[in-house]
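Take the sequence shown: its position 11, counted from the start at 1, is 11 in the numbering used here, and no numbers get skipped.
Treat the hints as calculated values from the structure; they're not laboratory data. All residues carry an ideal CB built from backbone N, CA and C; glycine is no exception. Heads up, some of the hints might be wrong.
Okay, the calculated beta carbon distance ranges per label pair [to be verified]: (1) Phe354 <-> Gly333: 40 to 48 Å; (2) Gly333 <-> Leu217: 51 to 59 Å; (3) Ala347 <-> Thr54: 12 to 20 Å; (4) Gly199 <-> Ser361: 47 to 55 Å; (5) Phe354 <-> Pro196: 17 to 25 Å; (6) Asp322 <-> Pro26: 23 to 31 Å.
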Amino acid sequence: MRSMDRAREACEKHLPHLYDELADVPPTTLESPGGPALDAFRRAGGPGLLIPTTYGGSGVSAVDAARITRALGALSPSLGVASAMHNFSVAGLVALVGSAGASGLEWMLIEGIARDRLLVASGFAEGRTGSGILESAVTARRAENGYVVNGSKKPCSLSRSMDLLTASVALTGDDGSTQLGVALIPAGSPGISRNPFWGTPVLAGAESDELVLRDVLVAEELMLRPQVELGSGLDTLQTVGFVWFELLVTSAYTGAVGGLAERAIRAGRGSAGDRAALVIGMEAAAALTENVAGAIDSGTVGNDELGAALTARYAVQDLLVDLADRSAELLGGLAFVTSPEVGQLLAVSRALAFHPPSRLSAAQALLDHHDGAPLRVR
1 MRSMDRAREA
11 CEKHLPHLYD
21 ELADVPPTTL
31 ESPGGPALDA
41 FRRAGGPGLL
51 IPTTYGGSGV
61 SAVDAARITR
71 ALGALSPSLG
81 VASAMHNFSV
91 AGLVALVGSA
101 GASGLEWMLI
111 EGIARDRLLV
121 ASGFAEGRTG
131 SGILESAVTA
141 RRAENGYVVN
151 GSKKPCSLSR
161 SMDLLTASVA
171 LTGDDGSTQL
181 GVALIPAGSP
191 GISRNPFWGT
201 PVLAGAESDE
211 LVLRDVLVAE
221 ELMLRPQVEL
231 GSGLDTLQTV
241 GFVWFELLVT
251 SAYTGAVGGL
261 AERAIRAGRG
271 SAGDRAALVI
281 GMEAAAALTE
291 NVAGAIDSGT
301 VGNDELGAAL
311 TARYAVQDLL
321 VDLADRSAEL
331 LGGLAFVTSP
341 EVGQLLAVSR
351 ALAFHPPSRL
361 SAAQALLDHH
371 DGAPLRVR
């Protein structure tokens, strides 16, 4: 399929030899905790994909980032998701450089990420039952040398391979008021521990366990303060982060299902119409995500682009379930029972629905937005 061919070409261009290296590894190995995929991504220069060349990164476009993520998702859904979490976190740091809320250290951080090939975990958007995705379960209080941070993030992808954690925190002021902060926490900081959390073999290679923070000291300069009150909506930097998140995570799952669809097409089963339906659906899903990427590359990312990103994500969400079902049916029962891959990819095709914000929670906001109101994500 052309969309998957373009994805592999972008991956080879910006991460040379990574695709071929991992294509020879059994899928069950790639999808297991401790597999070789994340280390291979690091060695290939993956951590610096979205960092501008000025700071030592690859400076890839959003369109190429979507295509690379699609290729990685086809190789290993776990790697696709984990790379999406890293890259959207880095995109947020890049957006901070030169912004009104910058501390002056962001450029050194992103330079270090590119130079040392550091993996960045995301502690945002927990999506806890009964809470908004901007309401953090991690708190921070001022201390003599910065802030003391407590709480946990679960699930937290890259929990074991990360070098740096970016986490949303609830900053409590002396007057009792609470505002949103973003803590940048080195993985080796005292007080960080990890607990098993991910109980399914599906996407287990993304290392999405619980990250526990107990009295972790964060230096003053590593606590960023976006200009937004908790529960009031999104500032510009958060909007940029959300648009990147929706683009990349959607691309990862599109790649995973694309790999299954390609397998079904190669098998040659069913009618030409059956196989053409897979091509049509995949090309539509890829086009929807690349349309969002094109908006990012145009240099304008705001509330309207967030609305477009969410609309595309929910449309692709439905397409992927249908495509996976059709692909599995064409492959037949023997393919399903003789290998775990088909069953796992069927499960993966549903997982996009579990990322925040859920369609149910965003439904009214999307209705209001498409009626002319600003989009408010909670």
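We went through each hint and held it up to the structure:
1. Phe354 <-> Gly333: 40 to 48 Å: violated, 27 Å
2. Gly333 <-> Leu217: 51 to 59 Å: holds, 56 Å
3. Ala347 <-> Thr54: 12 to 20 Å: violated, 41 Å
4. Gly199 <-> Ser361: 47 to 55 Å: For Gly199 and Ser361 the Cβ distance comes to about 24 Å; the hint is violated.
5. Phe354 <-> Pro196: 17 to 25 Å: Holds, since Phe354 and Pro196 (Cβ atoms, about 19 Å apart) stay within the stated range.
6. Asp322 <-> Pro26: 23 to 31 Å: About 28 Å separates the Cβ atoms of Asp322 and Pro26, which means 23 to 31 Å holds.
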